[in-house]
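Which chain is which? The protein sequence lines are A and B, in order.
Position in the first sequence (from 1) plus 3 gives the number in this note's numbering.
Position in the second sequence (from 1) plus 1 gives the number in this note's numbering.
It is worth saying that the hints were derived from the structure and are not from the lab.
Mixed in with the good hints there might be a few duds.
[Said to hold, decoys possible] Derived DSS-like pairs (lysine-lysine); straight-line CA-CA distance at most 25 angstroms:
1) B:111 / B:171
2) B:26 / B:171
3) B:63 / A:25
4) B:111 / B:224
5) A:25 / B:221
6) B:26 / B:221
7) B:63 / A:31
8) A:218 / B:171
9) B:111 / B:221
10) B:303 / B:224
11) B:111 / B:26
12) A:218 / B:26
13) A:166 / A:177
14) A:57 / B:221
15) B:303 / A:218
16) A:57 / B:224
Spelled out, the chains give:
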Amino acid sequence: MEHVALWVGAFLTLGIISFLYKDNPWYKLSEAIFVGISAGYWFVVLFWDNIYGKFWVGVFPSDDSGNAPDYWLIVGAVFGILMLLRLISKIGWISRWPLAFIVGCTSGLYLINYFSSNMMRQVQGTIIPLLGTSFDLPVYDIIGNLVIVVGTFTGLIYFFFSKEHKGAFGGAAKIGIWVIMVTFGASFGYTVMSRMSLLIGRIDFLFGEWLGLIK
Amino acid sequence: MSIRTKEILIAGIILIISVIVYLGKVYDWFGSAQFSPTLSVIVIVIIFLALLYILIRTIQGKLIDRRTVFVFVGFAVVLPFFMSITQNIRISPEVQQVYNAMSTLQPGSKVLISFDYDPPSAPELQPMAESFITYCLSHDISVIIIGLWPQGPQQANLALEIALENEAVKAKNPQYGINYVNLGFQTGNEFVIQRMGTDFRSMFQTDYSGRHYDDIPLVKNIKNFSNIDYSFNLSAGYPGTQEWVQVAVDRYGLWMGAGNTAVQAPMMYTYLNAGQLEGLLGGMNGAAEFEKVCGITGKGTKYMLSQSFAHVVVIAFILIGNVAFFIGGRKKKLDV
Numbered sequence: 004m005e006h007v008a009l010w011v012g013a014f015l016t017l018g019i020i021s022f023l024y025k026d027n028p029w030y031k032l033s034e035a036i037f038v039g040i041s042a043g044y045w046f047v048v049l050f051w052d053n054i055y056g057k058f059w060v061g062v063f064p065s066d067d068s069g070n071a072p073d074y075w076l077i078v079g080a081v082f083g084i085l086m087l088l089r090l091i092s093k094i095g096w097i098s099r100w101p102l103a104f105i106v107g108c109t110s111g112l113y114l115i116n117y118f119s120s121n122m123m124r125q126v127q128g129t130i131i132p133l134l135g136t137s138f139d140l141p142v143y144d145i146i147g148n149l150v151i152v153v154g155t156f157t158g159l160i161y162f163f164f165s166k167e168h169k170g171a172f173g174g175a176a177k178i179g180i181w182v183i184m185v186t187f188g189a190s191f192g193y194t195v196m197s198r199m200s201l202l203i204g205r206i207d208f209l210f211g212e213w214l215g216l217i218k
Numbered sequence: 002m003s004i005r006t007k008e009i010l011i012a013g014i015i016l017i018i019s020v021i022v023y024l025g026k027v028y029d030w031f032g033s034a035q036f037s038p039t040l041s042v043i044v045i046v047i048i049f050l051a052l053l054y055i056l057i058r059t060i061q062g063k064l065i066d067r068r069t070v071f072v073f074v075g076f077a078v079v080l081p082f083f084m085s086i087t088q089n090i091r092i093s094p095e096v097q098q099v100y101n102a103m104s105t106l107q108p109g110s111k112v113l114i115s116f117d118y119d120p121p122s123a124p125e126l127q128p129m130a131e132s133f134i135t136y137c138l139s140h141d142i143s144v145i146i147i148g149l150w151p152q153g154p155q156q157a158n159l160a161l162e163i164a165l166e167n168e169a170v171k172a173k174n175p176q177y178g179i180n181y182v183n184l185g186f187q188t189g190n191e192f193v194i195q196r197m198g199t200d201f202r203s204m205f206q207t208d209y210s211g212r213h214y215d216d217i218p219l220v221k222n223i224k225n226f227s228n229i230d231y232s233f234n235l236s237a238g239y240p241g242t243q244e245w246v247q248v249a250v251d252r253y254g255l256w257m258g259a260g261n262t263a264v265q266a267p268m269m270y271t272y273l274n275a276g277q278l279e280g281l282l283g284g285m286n287g288a289a290e291f292e293k294v295c296g297i298t299g300k301g302t303k304y305m306l307s308q309s310f311a312h313v314v315v316i317a318f319i320l321i322g323n324v325a326f327f328i329g330g331r332k333k334k335l336d337v
């Protein structure tokens, strides 16, 4: 069985890689198998974890679990069914109710989370003593602090469109766009590393696990 | 001979070679392939000369087919696996920060690891998971595993298998339920984290194998994050480090480090600089650095040579592409 699994894995890996040469039936077959298995897998996972694991077990807990039935889950289940009414065009408008509930809840929750973690804490992290609290920071750290402060400030100026980008303001905006470009460059470098890692993983599988050439 | 016939012929040859090599592996006909240091250097020089040749051809105005780029990247990834040269790995401050945080933990401390990734991200995150668990178990630090991604706990079991084979871990003889536990996957994304902030048991009533929470000695006295000494999140997207920071760190004060895929890592530096994260391992490089600082030789270190070679080739082709672009632009201007 192990041999079959290895050959199937190698067949599908090479099938996907074969797209680099050109689009071909082997690639299409591998892609279709991947999409089909993914869809099936997620259906099973969501059914057993959400519909059965959360709803059914929550509303009808077994005696030995010691848990009381949680009837609030029925409200969620009803909302879930209302969402499916979208498939019936005449009463599809009902699906807007659960959608409104989801949008309202998540935006309320996210507003607090993002405002606290992604705004206030970041502002706090940017307002830093440039030279250290006792003026004892090494030059390297002082330069780092300056980059953070100047980068944040000029980056914000670039996105301020209520004033024309001219003169000193325009110069700061230009520095801001350079900072943003450097950020994109660093991000691209990391993305290359990530994609290469995936390739390295598959190459290790092909030449290591499958063919046994790498120890 | 038509192109289709040639393609089928080449595919057939590759298949026959693969079958022979595979049988060689099964019946142990050949050992593992390894280049000598001299041969490794020769291979590197040949690749360099080939890139130089492409650059010269580009300057002459002869552009290459995109498949040539793929072939070079392929060589750059495959050949280093067979080379007997090592790469110097420098420990970055953010990786050192994770190690320093771990070093402060006393034996018996409890670490929560959330496996929020699936097999596609395993090449980057699995080496981190293996070395992190190995470090914990070999230093008498207890490990509690959960997953907000369905396949996370399975990845955790694979990492545990590797960690338990480590000699230093074997010497400690860690026991399931006492020194480590896998509480499995829980659906609900950040809402799971939020509920864990008040009550772990409400989210993980049983472990991965169905054992009841109160029957597991390691976790039966753990109520919420205040009973956790350090947390480490392995993340490949949503839900992941961002959600853990927003809910567990900022709301409940959990002390946390993270290991992220390289795509995600740049976005986490803001949390690191603001002190919301205690250390960050970014991509395969982060995994290799963490292995080095922990004194473990794992897949991160093994993969890094291929990673570096691939980067050099990509940078070379970016330069070649720019040369082609600027020469093309100049020619257009001259034509006008």
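To see whether the hints hold, each was checked on the structure:
Distance hint between residue 111 of chain B and residue 171 of chain B is fulfilled; the C-alpha atoms sit about 19 angstroms from each other, no more than 25 angstroms. At most 25 angstroms may separate the alpha-carbon atoms for a hinted pair to count; residue 26 of chain B and residue 171 of chain B exceed this at roughly 29 angstroms. Pair hint residue 63 of chain B plus residue 25 of chain A holds up; C-alpha atoms about 22 angstroms apart against a cutoff of 25 angstroms. For the proposed pair residue 111 of chain B and residue 224 of chain B, the alpha carbon gap of about 13 angstroms is at most 25 angstroms, so the pair holds.
A threshold of 25 angstroms between alpha carbons decides the hint, and for residue 25 of chain A with residue 221 of chain B the separation of about 56 angstroms lies outside it, so the pair is violated. Between the alpha carbons of residue 26 of chain B and residue 221 of chain B the distance comes to roughly 47 angstroms, so the proposed pair goes past 25 angstroms and is violated. A C-alpha spacing of about 33 angstroms is found between residue 63 of chain B and residue 31 of chain A, which places the hinted pair above 25 angstroms, so the restraint is violated. For a cut-off of 25 angstroms, the pair hint linking residue 218 of chain A to residue 171 of chain B stands: about 23 angstroms separates their Cα positions.
The hinted pair formed by residue 111 of chain B and residue 221 of chain B meets the criterion: a straight-line CA distance of about 13 angstroms does not exceed 25 angstroms. For the hint pairing residue 303 of chain B with residue 224 of chain B, the CA-to-CA distance comes to about 40 angstroms; that exceeds 25 angstroms, so the pair is violated. Between the alpha carbons of residue 111 of chain B and residue 26 of chain B the distance comes to roughly 42 angstroms, so the proposed pair goes past 25 angstroms and is violated. For the suggested pair residue 218 of chain A and residue 26 of chain B, the alpha carbons sit about 11 angstroms apart, so the restraint of at most 25 angstroms is met.
With a C-alpha separation of about 14 angstroms, the suggested pair residue 166 of chain A and residue 177 of chain A falls inside the 25 angstroms cut-off, and the hint holds. Taken as a hint, the residue 57 of chain A and residue 221 of chain B pair is honoured in the structure, with Cα atoms around 22 angstroms apart against an allowance of 25 angstroms. Between residue 303 of chain B and residue 218 of chain A the CA atoms are separated by roughly 10 angstroms; this keeps the pair inside 25 angstroms, and the hint holds. Taking the CA atoms of residue 57 of chain A and residue 224 of chain B, the gap is about 21 angstroms. The hint holds against a cut of 25 angstroms.
In this structure, the earlier hints numbered 2, 5, 6, 7, 10, 11 are contradicted, and the remaining ones agree with it.
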